[in-house]
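Undergrad: If you want the building blocks of each chain, they are given just below.
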Amino acid sequence: MEKAVKPSAKTQKNASERRWGMVIDLDRCTGCQACVVACHAENNVPVVGEREAASGRTMHWIRIERYWEGEYPNVKARFMPVLCQQCTQAPCEPVCPVFATYHTAEGLNAQIYNRCIGTRFCGSACPYKVRVFNWFRPEFPEPLGEQLNPDVSERSRGIIEKCSFCIQRLRRAELDASASGNPLADGAVQPACVQSCPSSALIFGDMNDPESHVSRLALSHRAFRLLDFLGTDPAVIYLKGGETNV
Amino acid sequence: MSSTGVRRISLGRAIPLILVGVAVLVTAAILLNRRVAQAAPDQPIAFNHRTHADAGIQCLFCHPNAMRSDVAGIPSVQRCVGCHQTIASSSARIKTVLSYWERSEPIPWAPVTQMADFVFFSHQPHLSAGVNCETCHGVVGKMSVVRPVVTMDMGWCLDCHLKQPEPKVARLTDCLACHK
Amino acid sequence: MTHTVSRRSFLKIAAGTGVAAGLNPTVRRVALEPFVRPPEEELPGKATWYASTCRQCPAGCGIIVRVINGRARKIEGNPGHPLNRGKLCARGQAGLQVLYNPDRLQNAVRQTGGRGSRHFEPLQWDEVLDQLASSLRGVGGGSEVAFLGGLMPTHLYPLVTRFLEALGSPAPVLFDLHSAMEGRTQSHDLTQRWFGSMELPIYDIGHAEVIFSFGANFLETWLSPVSQSYDYGTMRQGQSGGRGFLVQFEPRLSGTGASADQWVPVQPGTQGLIALGLGRIIVEENLGRVGSHREHAQLYRDVNVGAVADASGLPVERLQKLARIFADADRSVALPGGGLSSHTNASQSMDAVMALNVIMRRLGRVGGVFLPQQVPADAFSAPISPSPFRDLGKLVQNMRSGRVGVLMIYGANPVYELPRWSGFIDALTNVPLVVSFCPFIDETAVQADYVLPDHTYLEGWGYQVCSPGADRPVVSSQQPAVRPLYDTRSTAEVLLSLASRLGGALAQALPWPDEPTYLEEASAQLFGSSIGVIDARTEAGFWSQWRQVGGWWSAKPIMQEPELAGLTEGPLQVPSASFAGKPDQFPYYLMPYESIALSDGRGASQPWLQETPDPMTTASWNTWVELNPETAAHLGVTDNDIVRVVSPQGALEAPVVVYPGIRPDVIAIPTGQGHQDYGRFAAARGANVMDLISPVPEQEVSLLAWGATRVRVEAVHKVMTLARLESLDGEGRETVR
Amino acid sequence: MSDQPEPSGGKPTPPESLEPSEQVRGRLLLDQRTDREIDEAVLRPMFETGPRFWILVGILGAIVAWGIYAWIYQIYWGMGVAGINRPVYWGLYIATFVFWVGISHAGTMISAVLRLLKADWRRPITRGAEAMTSFALMMAGLYPLIHLGRVWKFYWMIPYPNNRFMWPNFQSPLMWDMVAIFTYLIGSTLYLYLALIPDMAMARDHTDGWRYKLYRGMALGWRGTQGEWHKLHRALSIFSVVIIPVFLSVHSIVSWDFAVTIQPRWHSTIFAPYFVIGAVYSGLAALAAILVIVRRTMRLQEFLRSEHFDALGKLVMVAGMGWIYFWFSGFIVEWYGNDPVIRELIHEEISGGLAPFFWLQMTANVLPVLFLAFRRIRTNPAFLLALALLINVGMYTERALIVFGNLERNYLPFNWGTYRPTWVEVSVIAMTFAGFILLYTLFSRIVPYVPVWEIKEGRLRYSLRRIGRLLVPTAAEIE
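Protein chains in written order, with our numbering: chain A, 1 to 246; chain B, 1 to 180; chain C, 1 to 737; chain D, 1 to 479.
Okay, chain A solo, but in the shape it has when bound (with noise of 0.2 Å):
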């Protein structure tokens, strides 16, 4: 019986054709949390509660960050939404002893809940702090479990989770894709943040696609990675704020 080769960060020589990517525009990003909710209602990330919310157990897997800049009367306030960066070279996914997180061949960093032991030293190890644990388990007091998203599973406590990118999104646009034939379009995909951010500050697409809108994006003067100095090669670029494009 041959033996399933597991696609690590290492091993890319496989890799699909396709290499999903996002673009940030911190030019047009308003912080009006729409992605945040977008995100709770796609993945059914649960709700801790206001004890837990204090204690630094909230499960959002987009977060606004709003910085402060000057003091007053000349204060300027910035916002960046930060997500898993889906590190081409990403340190959580060695360090995992059971392989729970690992590179898929379409440069998604993937999570496998049931997989998951809760060591949690992806975790620590992640310098973006953007894996979020389940400390309790989580409950939909009925009849909210009925909105629950059935192709994405519900997970148990203590397991970590983080965006996927909506990788149930993505893999029904690909089935979808395969069985009438026709390739998959750029844009024609999105995460639910992209889909639903009011002010098109988040665009989605394929990187290793030039014509597609976020390689086009990612060539502008503007583009930078958040922690770049680290090597761990996010897929997701950030737009500076405050310049025209043009």
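It should be emphasised that the hints constitute simulated quantities derived from the structure, not laboratory data. All clues given are correct.
With a straight-line cut-off of 35 Å between C-alpha atoms, the simulated DSBU-like cross-links for lysine-lysine are:
1) K163/B x K153/D
2) K142/B x K46/C
3) K240/A x K76/A
4) K76/A x K582/C
5) K76/A x K718/C
6) K321/C x K240/A
Sample of chain A residues at the chain B side, in silico, Cβ under 8 Å:
7) T104
8) A105
9) A110
10) Y113
11) N114
12) D151
13) V152
14) S153
15) E154
16) I167
17) Q168
18) R171
19) L175
20) A179
Since the model is a prediction, treat every value here as computed from it, not as a measurement. Glycine included, C-beta positions come from ideal geometry on N, C-alpha and C.
Following the hints, position chains B, C and D against chain A.
TA: Quick look at chains B, C and D alone, frame taken from chain A:
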């Protein structure tokens, strides 16, 4: 000191006895486990697949969505009543079907093969890849009472996925293919 | 769930004993109920999408609801809808938690044991409708039926007005805190005064080069936030000609201010004055390429720029620089926001801001001010303007004097939203019968005798004329995405069945047997229109496309150019705003603001919205008091210390958030918390800022000046950890410098 | 010709004119003991299980039971009952795990390294040290289970063949931990057991009832023949050589749990040696404390003499100096580099919220090294006990600072956090401490604490020779 000697020997013989006992226990547990897993769930109406298959009805007639959607779908009461209003409408079982139809209440069929919550399974790619129903559900045509022939767990699925042509194996053995 | 663990071939021995305890992920079988008669559009396993309208705020964005196995799973923006163009805000996304809220009423109830006893006894619908019909027959002569509405969909308003006319009672009073805080009534009056039309103006933010926003938090909760956010995105990076420039004039840096290029911290109540000053400078120094703005020069006849500078605290050079920015831009627009409506000089301030658009000739120009094209059918033409606070005062008078026999309340929560001094709660006592249509037991339902729960918007029918409109006339339709969960009944249906029970004039006024036929008939009026996006051959075809597409809108953008009909002669002046409470006793201005998640308290029952961090303070689940760092130091308090805020009318305690983006003499408190009822997620959480709002003494009760209260802040030497997403040690830094 | 002291019976007349040094007199005193007397002296404390012993066992048992209740409470409700949160995902559990692995390093240090170095003063304390190693490792082994979010799926870390083609990920330091700790546990327990066999035979011949049955089983039929001794010695010498790399690798691997990540102040190359020398330092200190306590409670003054404490104290001092050196070389590099995040972390540690812990750690680790320089302090049991406990408090704080002190800060200030342990964590940690002490007391009542055959072997090696007027103790090469 002889008593100590005897006791020593019995201790010696005791250990293999214990091992054998444990082995028996374990195999009993496995067999019981398998029987529970493969028992045919009891159904509200004793539906007989064999008679329908012998009558020449295709699987897709009652389970039409297998080609188009994740779920093959369980036939609606309308589908049963379509034929059984006229055919064999005298037999007791058909009368219960018709009673459901009058009360316009769905027949509470017990699902036979069910995936765990964290598994993503879609019939459509499997059927379009040429997998036929018997591979996973056994020869239902011959079964009077349907019961799961195969215990569908990860090893069983992976075994088949690994046998696919080379370019597909990487995609099919990617955890996210089946884990959601 | 017994996780049937069985393994293959010889490896079984290793796993045989290890039957996993049933502690793995709570397994939620994807329930698969076979149908009796399968609906034709339903393909089990595949999602079906139903188009509808979001009712979380009056904007009326188009949504599509993903339904699998008859359960609504996700709400997304309707891509074809011209208003929100596929996008949705945080509250829109949380709509499912209104539908599946665990604290929803499951049937019609009567409050036994008196009002406030909270003992609700379920009733059959026919029984309660008969009782209601009989008590309505008793009305007439001295007493009358009063209807207090809040967020009222367009299709319900004509039904209610006809119902009340037939009963000989006055028209419904529409008032809720959200419309008051976004200054919707004052905006309607503004267009009435300047352009003689009752429509809300459309500000073409998307193509503006310079935007001066006077107290308009258009990216959060003002009028139509999603459409305005979409345009903001285009204004920033979508315009080929470069990047727009946004200046925000408000005492507190709101979420919109954070996205602005410049924030001008103005003295509360002086935004209008500043607009006048800018206009005066533009006219005086003949700025901008617009040659002949002489004809409106007399608007600024008696404006003294020096006086404006002193009153607003801005140096004159700053005013000149701002005026030059506004004038030199080809496409500039000034937005009279909701913040202006919070002071006693609301209408004058709004006039001053609109005057800026007039003298820069921005009416009907790209990037300027437009009026929406009316929907070419009388069923949808009359825009609904919320009634001024004066009408609510009159209603309270009638209630107190006992002239109101039956009071019906829909889509508003006056007991929670209105300040104490409005006297609504004690006026309720001498109203013999109070009926609430709220799907939840909120504070007003607790003071009601009957609660006839309406369907939530994902279970009900209806349509909504989007006001302010998009770039074209739009009617957004609403259809049930799922079968109603409980024994609730749509309010329109209740009125129709009451009318049929009462017969006579009422039966003629509301002849329709049920709601869908009424809607079908109303929508049929648009059947003939040629400009519409729906081309159907038959009325039935039109009605099905109307539901499928999510409404009706014109294929091409049509907008009207507003003509000056009203107020362009007399000189404008903006009186200084007056405040309740003497400055020595109450040194700080209180500025309540609408939280982006909870709006005016409507979102408090939804856990997602409760846990969504407020963009500026990243706080959630509670109320807080925002203090300038200097003020906090002066009071000797810091983050998480509890302070008592005292106003002439009341007091509340809340933790402090040290907030660099606020004037030292202003404190800000978000609305939305402080409920006693309204479900487990809202009850007994935080404090209600409306308890502090005080009546401005010499101001007759014609305007709810919700921003005109002065308060005192006292430290209470108690600490509470406010749930905040950001780390306080991080001090708001992006990276460690 | 070395005059062999008569093997048994009668009191040899000490040479008249010489005044032997205090150290020599101690050893000579032992010489007068006959083998039987030594056996009796060692076996007697094992039978003294007076009321105070049972009270102690009762209390420790209660604490262990309470800890187990807290652990089950945590498994039932979820990790949320502990104080950890995002970003401080690891808290006191992992700090105590590192502490226990550290304690376990003393055993090997004494029995293996000193056996190779033929330092005779190790003889009476080897068994105590090895027992400490095994029990500390047992306690340490609990923590990888206690801190798991889903402990009922821990078996996925074991590379058992399964039909899902799923193997554990050996790139992860946690897997290295598991392998290293199991190897070290099995290795040190075997090492303990090997050295125990002759004593078990001795005990078998002196006891009856259930003890006889137990010792007969554990003695594996040892009769003390020449062949057996030869095999035992060869086995022990092989073990003491083989266990050294395992000893070094375990704590290096534990340090790599932190060093392989890119978390600031974890990602540093000094961690492996720094953790090993820290382990030796805290392990030896703990051993010194235990020996002082055991010496008094089991009245083994005769075997654990001041010379042993003197030598052990010197070794602790040397280990302490080593720790200070490694700590300083790690610190100076980070502080001097002035990387903003690391500067923030150091600032927080030295003068911020963690300052009290940091200065406790520094005083508790540096001060004892100075005191241990004086013989009078080293040989004074009370003083040595106090210093040893102080060192262990210091080392525990140091581990805590490393584990969650550095997790509180990271590259994005928006996500910094604070950590407060909860009663669940404290109860579980108390369980492991009480468990360790309970195991140790039961061990000392079941097994002769002092290795009798090593002492007798040691005695044969020494004799008194007259060179001119001087009476000189001589050492013979027996191995």
